[in-house]
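Dock chains B, C and D against the given chain A, drawing on the hints supplied.
Number of protein chains: 4
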Amino acid sequence: MNTITKTISRLLLFTALAGVAIQAQQKPCATVSKFGPDDQIGNVNYITPARTLAASKLVTTGKAYRLGIETNKNTPAYGTRTFGITVAQPGQAGGASFGPNKITHNDDMITGWVGIGSQIDGFGHAGIDDLYFNCNRGRDFAQVDGLKKLGIENIPAIATRAVLLDMAVYFGTEMVKEGVAFNRAEIEGAMKRQGIRAIEKGDIVLFYTGWMSLLGKDDKRFIAANPGLGREGARYLASLGVAAVGADTANFEAIPFEQGAGMYEVHQILLALNGIHILENLKLDEMARDKAWESFFTLGPARITGGVQAWINPIVIR
Amino acid sequence: MNTITKTISRLLLFTALAGVAIQAQQKPCATVSKFGPDDQIGNVNYITPARTLAASKLVTTGKAYRLGIETNKNTPAYGTRTFGITVAQPGQAGGASFGPNKITHNDDMITGWVGIGSQIDGFGHAGIDDLYFNCNRGRDFAQVDGLKKLGIENIPAIATRAVLLDMAVYFGTEMVKEGVAFNRAEIEGAMKRQGIRAIEKGDIVLFYTGWMSLLGKDDKRFIAANPGLGREGARYLASLGVAAVGADTANFEAIPFEQGAGMYEVHQILLALNGIHILENLKLDEMARDKAWESFFTLGPARITGGVQAWINPIVIR
Amino acid sequence: MNTITKTISRLLLFTALAGVAIQAQQKPCATVSKFGPDDQIGNVNYITPARTLAASKLVTTGKAYRLGIETNKNTPAYGTRTFGITVAQPGQAGGASFGPNKITHNDDMITGWVGIGSQIDGFGHAGIDDLYFNCNRGRDFAQVDGLKKLGIENIPAIATRAVLLDMAVYFGTEMVKEGVAFNRAEIEGAMKRQGIRAIEKGDIVLFYTGWMSLLGKDDKRFIAANPGLGREGARYLASLGVAAVGADTANFEAIPFEQGAGMYEVHQILLALNGIHILENLKLDEMARDKAWESFFTLGPARITGGVQAWINPIVIR
Amino acid sequence: MNTITKTISRLLLFTALAGVAIQAQQKPCATVSKFGPDDQIGNVNYITPARTLAASKLVTTGKAYRLGIETNKNTPAYGTRTFGITVAQPGQAGGASFGPNKITHNDDMITGWVGIGSQIDGFGHAGIDDLYFNCNRGRDFAQVDGLKKLGIENIPAIATRAVLLDMAVYFGTEMVKEGVAFNRAEIEGAMKRQGIRAIEKGDIVLFYTGWMSLLGKDDKRFIAANPGLGREGARYLASLGVAAVGADTANFEAIPFEQGAGMYEVHQILLALNGIHILENLKLDEMARDKAWESFFTLGPARITGGVQAWINPIVIR
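For the record, the sequence lines run as chains A, B, C and D.
Numbering-wise (this note's numbering), the first sequence opens with residue 1 and increments by one.
Numbering-wise (this note's numbering), the second sequence opens with residue 319 and increments by one.
Numbering-wise (this note's numbering), the third sequence opens with residue 637 and increments by one.
Numbering-wise (this note's numbering), the fourth sequence opens with residue 955 and increments by one.
Since the hints were derived computationally from the structure, they do not count as laboratory data.
Computed from a prediction, not measured in an experiment: that's the story for all the values here.
Treat each hint with caution, since some may be false.
[Unchecked claim] Here are some chain A residues pointing at chain C (derived, C-beta under 8 Å):
| # | residue |
| --- | --- |
| 1 | T86 |
| 2 | Q89 |
| 3 | G94 |
| 4 | T111 |
[Stated by the list, open to error] Think about it this way: if two alpha-carbon atoms lie no more than 30 Å apart in a straight line, the pair counts; the simulated DSSO-like pairs of lysine-lysine are:
| # | chain 1 | residue 1 | chain 2 | residue 2 |
| --- | --- | --- | --- | --- |
| 5 | D | K1017 | D | K1155 |
| 6 | A | K57 | B | K519 |
| 7 | B | K381 | B | K519 |
| 8 | C | K785 | D | K1017 |
| 9 | D | K1102 | B | K391 |
| 10 | A | K192 | A | K291 |
| 11 | C | K785 | D | K1174 |
| 12 | D | K1245 | D | K1131 |
| 13 | C | K693 | D | K1017 |
| 14 | A | K102 | B | K352 |
All C-beta atoms, glycine included, are put in the ideal place defined by N, C-alpha and C.
Bound conformation, chain A alone:
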């Protein structure tokens, strides 16, 4: 009885957050999508050709940035995640080659967890007690050989506006401290300082914190905590209809978690309750240096069927 009561109060809480009614096990549920019962892409729906066209006009110099960092066995990894690559020369033992043209070749195999390095979190990544985005239950779709719904392969072409918020400059530091939470006040403050008038539907909001300067120097600190989005800030960005959010940190949200916050609750607010993708470990220093506040952002995650996350390398042009 106690458990049932707690579950109900929890669901009521999330209902309040999401502004939707609860009817357990039937739609609408706590994580219902505003884009209909078959929706698997959430706010990426807001990226229309008109918005893509408008964003393309932000290209004024032709300078292109790759936001991906490298993924390898030394990249700081969460929990027990590991990564390996194997390169072989199939059929070429002893210096064999193929054909009169003596072609030789290498092939590579990956054996590793996807959540290492620059990554996008799909909607199958985080849920609330097994309830994932758009009323999908993990027990129904989270199979061992790949997600049967909400897989990363569903994400359409992403080409939209990116807004970069330089939180380091906002806080007057080189590197924002762990635990510092970005909420509405900080977001609007940074926007004002940078002269950004509005965050709009379909935008990608990127937070520069300077945190990546720890990479290779203090990997333990880098992965254990970071500054990042707070709960109220997440709900604020959700209210604006952003398509995705990202940062130059491993965990994206503020850690240690805000006073009263649950574990990775911002992940739940974004992924499960609002259909907003999260981008982690993005290299943003060059954009920050160039004051590339508004730019044209493109992303095509490799379409691994049933993938939870994806290694990414967004291309931003301004």
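Only chains B, C and D this time, still in chain A's reference frame:
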């Protein structure tokens, strides 16, 4: 002696092709880069901000295309390549969750060969008797735990013009037959028909053949052969300075190989001798249907350190 | 309420089966070991030096049998399990070798699920609603990077008596049909026919069914069902104190399951409730042909830390 | 020319060692088996039922030893080898279970190199310039998806006599120093001290060095070098017809290599030239403490098709 003689004539042949002098084991060698001894990216060097800016002007409707197909255990795979994904719920056996907010999560691991599905071939993929692009010897850089040079992580942001050649319409068919080779005459013929004035330095040239209509219907035929670029066509495109070439086929080049051609010799001409990346298994039908002949092409392959190939999903906007 | 009631009746049922009292979450629980709260090896405890010595006397001809079948990508596999091996020649691209003695070498990597081919099921393999052998909860020990208790590495040296029951001859057939359940009557009947006086503490009981004649001929039938131990037979063998049981089938227990039986309930009875290991996919035809009814059985599963199962190849000598 | 000359002198040298005639590329060759052109198991052929029967008589107390150490991500590993295990609960996200009996289960997957922890080296592991045991060329059988000859699956049941030589006591130390080579004098000296009359055909010779006391304390030293068999000692044991040799070290042979020895030349002498398997990382301290000089040794490596090595856990009984 016989072998040595054959090797020498072979190298002389490639020298003739590449127009460079040979001095075995020292630079310049048969596969020397015109961008200097440290170059690892070949013709991607041609993608300058000016060209990126010009290409961005091709965006006129805001329609975006994702060119990636899905990669999974059923995707047609070359040789003995295999692919697997594993999804787990770490720490959540028996329905456990974390925190008062009861967060649950899935993670995914890949165990598979990269050369399955939409992919980019890095310069470490194909060589001539262990000699790879820019005078790099496989024995020096092709280590079992990842390439020590020419790895996929070196590729910079790609944002440039794509030219799509509809070879199916050119040949007056729905699907071009296997073995049909695209050489200078066919390339120029298709360009003329489509009103494309020139292929330029830094361009991506994409061939639509209709071949992907076989996917899921006759996978065996799909992977065994295909129409594609011929040797003379490869040298012609190299002379124009293209950054990369791609197609909606698994092998990219014409198979069965042209009369007198070696095994995957077009791969050698492009990757090893000219520093031109190859994109395979691209989904191009929608672009062809829309007559998206010239468009803005962006690609950021995930930066797996030491990778030979990469799963890709280029985003094209027009 | 309904669920709670059902759970309670279920636990009471298992209590009756196991003859132990239930006190949820505290010992003793439904799966308590008779060998104490720290026990992780169950009835293997019965294999004492005295029993090993006695069993060694069964060697009279010196003929040795390997009971393992091969494991590879074509071995019939349960559910979504897959298997792969990769062989590489590290550091030997282009025909390189090491030292003046020109040593060359191959190395191999496995990427595969352990439950394929001849295998031993550890006590972490099957539980009752997340309750595993000796009152261990899956949520406590079943971590994604390996079991923290009940791992396969805990199994001590196994050297004891094996009793082979030829169920094919008992049923007067070459291959016993799927679903046929071996219970006390069948076990005692086969023993009597073969002149085996008793099954004793620490014994390994092996069932020959002829089922492996399907291998490579009808793999689908082989993996989908088989004859095997029934629930009453499992409890009977448990009452005798056997250390492990095995068969020449993939699922070991009778499938389709007996009337009224749950899913893989015999696995629960053996592994979770009685601490008896299960050996699957054993090649027993040669032993059956030789009428090797009683023999000296040795097994040392590779000690992968935290392993759930292990690929095995028991050596039996008579 | 120079290379050819060196190759020839090298082959002549090995010919002298092996006492066989050379006719390049045709049998007999430098690595020909004395058991015929189809032989894949070398001196394991010497393990006859008569020898197995005789060895079984060495069991006098029934005490059984498992010689395997644990393999996991922390086990000292050679070169770039890595190891991982993944445990999942297929179909059980959110606390789901199966059937009215609520069965839950764990499955495990290995992603790792086999040459970590206790292992047997198959004959496909080490060769002389791509020439492996019994005139097999690597380019012919060493395919990327598994060896097509000399795979570990070919090894028959091993049940024979083990002779343990306590080299630590022989040298009057707790742990023999790295680089100390065991040759005929040391082998015979240790035998004499222990009262072992003869090493015979089909025997397994095990060397205890005390080296494993470094495990977990100085893993770097443990893997980098060790005392072990020397070249002359290897040829001596080969002349006696031993089936396999083993030690409580990672590299088995003396490292730093003996004066004038090539890299891992003892591996070549044993595996390639004489068909003698090598067992590495065996836990022998308990046997040494018990003075278990002669015992009954059984080993059934899991039969992974095309495997180069195998994780092992031999069971020794005395």
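Structure-based check of all given hints:
Restraint check, A:T86 versus chain C: the minimum CB separation of about 6 Å is within 8 Å; hint holds. Nearest Cβ of chain C to the Cβ of A:Q89: about 5 Å, under the 8 Å cut. The hint holds. With its C-beta approaching chain C no nearer than about 6 Å, A:G94 sits inside the 8 Å limit, and its interface hint holds. With its C-beta approaching chain C no nearer than about 6 Å, A:T111 sits inside the 8 Å limit, and its interface hint holds.
For the given pair, D:K1017 sits about 25 Å from D:K1155 by alpha-carbon distance, which is consistent with the 30 Å threshold. Restraint check for A:K57 and B:K519: the C-alpha separation of about 23 Å stays at or below 30 Å, so the hint holds. Our distance criterion of 30 Å between C-alpha atoms is met by B:K381 and B:K519, whose separation comes to about 25 Å. Using a Cα cut-off of 30 Å, the hinted pair C:K785 and D:K1017 holds, with the two alpha carbons roughly 26 Å apart.
A hinted pair counts as satisfied when its Cα atoms are at most 30 Å apart, and D:K1102 with B:K391 qualifies at roughly 24 Å. Between A:K192 and A:K291 the CA atoms are separated by roughly 14 Å; this keeps the pair inside 30 Å, and the hint holds. For the suggested pair C:K785 and D:K1174, the alpha carbons sit about 28 Å apart, so the restraint of at most 30 Å is met. Distance check on the hinted pair: D:K1245 and D:K1131 sit about 21 Å apart at the alpha-carbon level, within 30 Å; holds.
A C-alpha spacing of about 14 Å is found between C:K693 and D:K1017, which places the hinted pair at or below 30 Å, so the restraint holds. Between A:K102 and B:K352 the CA atoms are separated by roughly 23 Å; this keeps the pair inside 30 Å, and the hint holds.
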